[in-house]
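K.L.:
Following the hints, put chain W with the ligand in place on chain D, whose structure we already have.
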Amino acid sequence: MIPRHQTVLFILLLVASVLMGGLLWNQLRLAHRRLLQGQDSAPTQAPQVAPAEQATLMAANDADNTVEPRILSLPLPQNPEARARAVLGKLLDLYAAPDAAHPVPGGAGSIAQVFLVPIADAGGKLAPEGPELAVVNLTGAFAAGHPSGLETETLTVLSVCATLNANFPRVTQVRFLVDGQPRATLAGHADLTRTYLTAESAAPAAGDRP
Amino acid sequence: MPGRMFIPRPIPSQGAGSVSLPHSAGRLGYLARAWVLLLCAAVPVLGAQAPSAPAQRFVVLLDPAHGGDDPGAHLGPLAEKAYTLALSIRLRSLLMARGFAVVTTRDSDASVDSDRRAGIANNANAMACLSLHASESGSGVHLFVSSLAPIEARRFLPWKTAQAAWIARSLTLAGTIDSALSHASVPVALGRTALPAIDSMTCPAMAVEVAPDRSSNAQAGLDDPDYQTRVAEALAAALVEWRSEQRGDPQP
Ligand SMILES: [Zn+2]
Numbered sequence: 001m002i003p004r005h006q007t008v009l010f011i012l013l014l015v016a017s018v019l020m021g022g023l024l025w026n027q028l029r030l031a032h033r034r035l036l037q038g039q040d041s042a043p044t045q046a047p048q049v050a051p052a053e054q055a056t057l058m059a060a061n062d063a064d065n066t067v068e069p070r071i072l073s074l075p076l077p078q079n080p081e082a083r084a085r086a087v088l089g090k091l092l093d094l095y096a097a098p099d100a101a102h103p104v105p106g107g108a109g110s111i112a113q114v115f116l117v118p119i120a121d122a123g124g125k126l127a128p129e130g131p132e133l134a135v136v137n138l139t140g141a142f143a144a145g146h147p148s149g150l151e152t153e154t155l156t157v158l159s160v161c162a163t164l165n166a167n168f169p170r171v172t173q174v175r176f177l178v179d180g181q182p183r184a185t186l187a188g189h190a191d192l193t194r195t196y197l198t199a200e201s202a203a204p205a206a207g208d209r210p
Numbered sequence: 001m002p003g004r005m006f007i008p009r010p011i012p013s014q015g016a017g018s019v020s021l022p023h024s025a026g027r028l029g030y031l032a033r034a035w036v037l038l039l040c041a042a043v044p045v046l047g048a049q050a051p052s053a054p055a056q057r058f059v060v061l062l063d064p065a066h067g068g069d070d071p072g073a074h075l076g077p078l079a080e081k082a083y084t085l086a087l088s089i090r091l092r093s094l095l096m097a098r099g100f101a102v103v104t105t106r107d108s109d110a111s112v113d114s115d116r117r118a119g120i121a122n123n124a125n126a127m128a129c130l131s132l133h134a135s136e137s138g139s140g141v142h143l144f145v146s147s148l149a150p151i152e153a154r155r156f157l158p159w160k161t162a163q164a165a166w167i168a169r170s171l172t173l174a175g176t177i178d179s180a181l182s183h184a185s186v187p188v189a190l191g192r193t194a195l196p197a198i199d200s201m202t203c204p205a206m207a208v209e210v211a212p213d214r215s216s217n218a219q220a221g222l223d224d225p226d227y228q229t230r231v232a233e234a235l236a237a238a239l240v241e242w243r244s245e246q247r248g249d250p251q252p
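Protein sequence lines correspond, in order, to chains D and W. Following this note's numbering, the numbering of the first sequence begins with 1 at its first residue and continues without gaps. Following this note's numbering, the numbering of the second sequence begins with 1 at its first residue and continues without gaps.
So that you can see chain D by itself, here it is in the shape it has in the complex:
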């Protein structure tokens, strides 16, 4: 015959282990969900504890087809890729504002990721502080919602390239992806298959008036 106190202890331990199991399963589920949403947990808005720094946004204007610098002070993370994402996010926030000079819906969340990849310099060497290729991964929703037109699409591409170059001088080339995939055009016009050279975008678009 099993003593009464042993039966009670057994039941208590059984209940405790079932509870522990439930708790663990719940934690696992939450962790899995966090993992799936991984790209969204990267800071688009830098945490307010980060010190505010100056960033140059090359903002587009549809009325005269120009890209003009706007210097803003905003908190920026230290990691260069998160920093690039935060700066471009701020640029797209300007475009999503109600009275924007270059209206494009979407805002900061439209930059899914920015990758900075070292590329060989003119001598064919990969230097630690050498030139970089920025790969800008846009969301499909941003491309789908972008107004269609030669001027508006060209301005978005040029202003992203010029903004990257203004804040990350090592970035000399820019490529675009949409939802992680190569795409023919942004919204029917601007070619997204090519590599953009930031040197081309540094000159204002309307500066070619013959």
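To be clear, the hints were calculated from the coordinates, so they are not data collected in a lab. Positions of the beta carbon are idealized from the N, C-alpha and C atoms, including for glycine. Accuracy of the hints is not assured; some may be wrong.
[Unchecked claim] Reference listing, derived: stretches of chain W covered by chain D, where coverage requires no fewer than 3 residues with Cβ under 8 Å from a Cβ of chain D:
1) 141-154
2) 186-193
[As the list claims (entries may be wrong)] A few chain W residues that face chain D, going by a derived Cβ cut-off under 8 Å, partial list only:
3) 138
4) 224
5) 228
P.N.:
Structure of chain W with the ligand alone, referenced to chain D:
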């Protein structure tokens, strides 16, 4: 037929039978007549080899962008492909009335890829190539010349960047169109962009994107008939000006 103009006319006789040539002179006359006939036969060939500059056909290529399964931008109830086709048809009739030869890349709602558009342009030997677009963004007309870096003209050019040898002349054409549109009070924005069709064209080429007129003094939508007429007639006037600047200089 330009050669006909050079056929020498026989010297009119001073009066029938007034002077009778001696027998030897008559024989010389046959020789002279044969010589003249030979010359007459040769002249059309010579004439064909050296066409006179003013009689040369001045070809303009109109490329209504998009078409078929590529609708382009949504312009209210209208697709961009329909707007560009209508503008192309209107501009063609204006240009033909002004003595231009006009070649188009499409005359119906057909899918035409960028290589085919450039191929039609390059076979047409055009003196101006306009790729027509329309958009609800921006104001007035946006003129886009290829963003390729200019190079010297040479005999063989890579297909994808053939326009590089024509950049200087494309920019000059953009200047001519800019002043004609400004003269017609249409706001103009100039820019450079990469467009596969334009980048392969071997002619002074650009994309012409028509947007609503949002200038403070004259608000006009894309569907405004007066605005459409103003833009089309300014483009035709620009090409008349371009023709008078370019006569007899088809090479870059
Ligand atoms: Zn278009």
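K.L.:
Work down the list of hints and note, for each, if the structure agrees.
P.N.:
Status of the hints after comparison with the structure:
| no. | hint | result |
| --- | --- | --- |
| 1 | 141-154 | holds (count 4) |
| 2 | 186-193 | holds (count 5) |
| 3 | 138 | 4 Å, holds |
| 4 | 224 | 18 Å, violated |
| 5 | 228 | 17 Å, violated |
Checked against the numbered hints listed earlier, the structure breaks hints 4, 5; every other hint is satisfied.
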